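Novice: Since the structure of chain A is provided, determine the placement of chain B on it from the hints.
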Amino acid sequence: MATITLTISALPAHVRTARLMAATVARRAGIAASAIDEIRLAVGEACSRAVAAHKLHCPTQPILLQLIDGNGPDPGSDSRTDATSPALRANGSATQRFEVVVSDRAPAKDTVETVNPSMLDGLFLDGEDTPPGGISGFSPGLGLAVITGLADEVKIDPSDRGTVVRMSWPLTNEHTPDPSSN
Amino acid sequence: MDLKLDHYTEGDTEIVVVEGEIDVYTAPRLRELLIDLVNKGNFHLVVNMEKVEFLDSTGLGVLVGGLKRVRAHDGTLDLVCTQERILKIFRITGLTKVFGIHGSVQEAIDKRSAK
Chain A
1 MATITLTISA
11 LPAHVRTARL
21 MAATVARRAG
31 IAASAIDEIR
41 LAVGEACSRA
51 VAAHKLHCPT
61 QPILLQLIDG
71 NGPDPGSDSR
81 TDATSPALRA
91 NGSATQRFEV
101 VVSDRAPAKD
111 TVETVNPSML
121 DGLFLDGEDT
131 PPGGISGFSP
141 GLGLAVITGL
151 ADEVKIDPSD
161 RGTVVRMSWP
171 LTNEHTPDPS
181 SN
Chain B
1 MDLKLDHYTE
11 GDTEIVVVEG
21 EIDVYTAPRL
31 RELLIDLVNK
41 GNFHLVVNME
51 KVEFLDSTGL
61 GVLVGGLKRV
71 RAHDGTLDLV
81 CTQERILKIF
91 RITGLTKVFG
101 IHGSVQEAID
111 KRSAK
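Just so you know, the sequences run in chain order A and B.
Each residue of the first sequence is one higher than the one before, counting from 1 in full-length UniProt numbering.
Each residue of the second sequence is one higher than the one before, counting from 1 in full-length UniProt numbering.
Here chain A stands alone, though its shape is the one from the complex (with noise of 0.2 Å):
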């Protein structure tokens, strides 16, 4: 199990970072093309949503990216399924995964952490509905609501301390990453 983490700023302009970073590794990881720009917003969404907390709570917290491969070779001993390598694992049970984790140190008491369709009704955030020290046309709501659309599986662990977004996609196994890209 191969993982990238990227910590970035609570800042809009490292979201688009965030994102390309996560469509990058995603292709490597061999996730079907169809799906790369489903991963693309889904983690642009969840740091937009974090960046959003972040400038709200705590503007000079990072914002922690993880991005985990299940295909790719597992340098620890705590793996998930019993196989050692990933062509047994790729035989076993276990279905691999892509998973992107968002984690953010903002409270969540004060944030939208549940989708809710009534919700949508007063999410179009827009010049005066901005609460004071936000990002002006954010309405994390909407935010959720796009990512439960677009990730394979989702859990939004919300808590004093932050917020934790997992997503995942499943790895076909059926694409070999080209090593030359990129």
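Keep in mind the hints are simulated off the structure, nothing from the lab.
Since the structure is predicted, the reported quantities are computational estimates derived from the model, not experimental observations.
One should not assume that every hint holds.
Stated by the list, open to error - Derived contacts from chain A toward chain B, CB cut-off under 10 Å, selection only:
| # | residue |
| --- | --- |
| 1 | V15 |
| 2 | E38 |
| 3 | L41 |
| 4 | E45 |
| 5 | L64 |
| 6 | G149 |
All C-beta atoms, glycine included, are put in the ideal place defined by N, C-alpha and C.
Specialist: Relative to chain A, chain B alone:
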């Protein structure tokens, strides 16, 4: 790529041409342009998104904000978009029912004139 914005007048409609990525970083510029156009009395807007490479929920929020503003003046805000990757986010969020989405600028203008 970054966001490029342009606009021109066609009859009583202001066409906004958007190129590049609309996200949490760049969306405020589009928002400012839409607000500026409405403040100058342009209440019929067509946003041409054919050259948009990326759109996230922040961009959607800005477009809906623009729609709210023009509707306050009995105006319209239509979109031109044929790219599947961009249309998908409108579908996921149900916004295909909120916006008129057209295949070309001319089609957007013609459909409004026909109403």
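Novice: With reference to the structure, classify each hint as holding or not holding.
Specialist: Okay, the hints, checked on the actual structure:
A distance limit of 10 Å between C-beta atoms decides the matter here; for V15(A) the minimum to chain B is near 5 Å, and the interface restraint holds. Interface hint at E38(A): satisfied, since its Cβ lies 8 Å from the closest Cβ of chain B, which is below the 10 Å cut-off. The interface hint given for L41(A) is met, as the beta carbon of that residue sits about 6 Å from the closest beta carbon of chain B, less than 10 Å. This hint holds: E45(A) has a C-beta 6 Å from the nearest C-beta of chain B, less than the 10 Å allowed.
Evaluation of the L64(A) hint against chain B yields a violated restraint, the C-beta minimum of about 18 Å exceeding 10 Å. A least Cβ separation of about 4 Å between G149(A) and chain B falls short of the 10 Å threshold, and the interface hint therefore holds.
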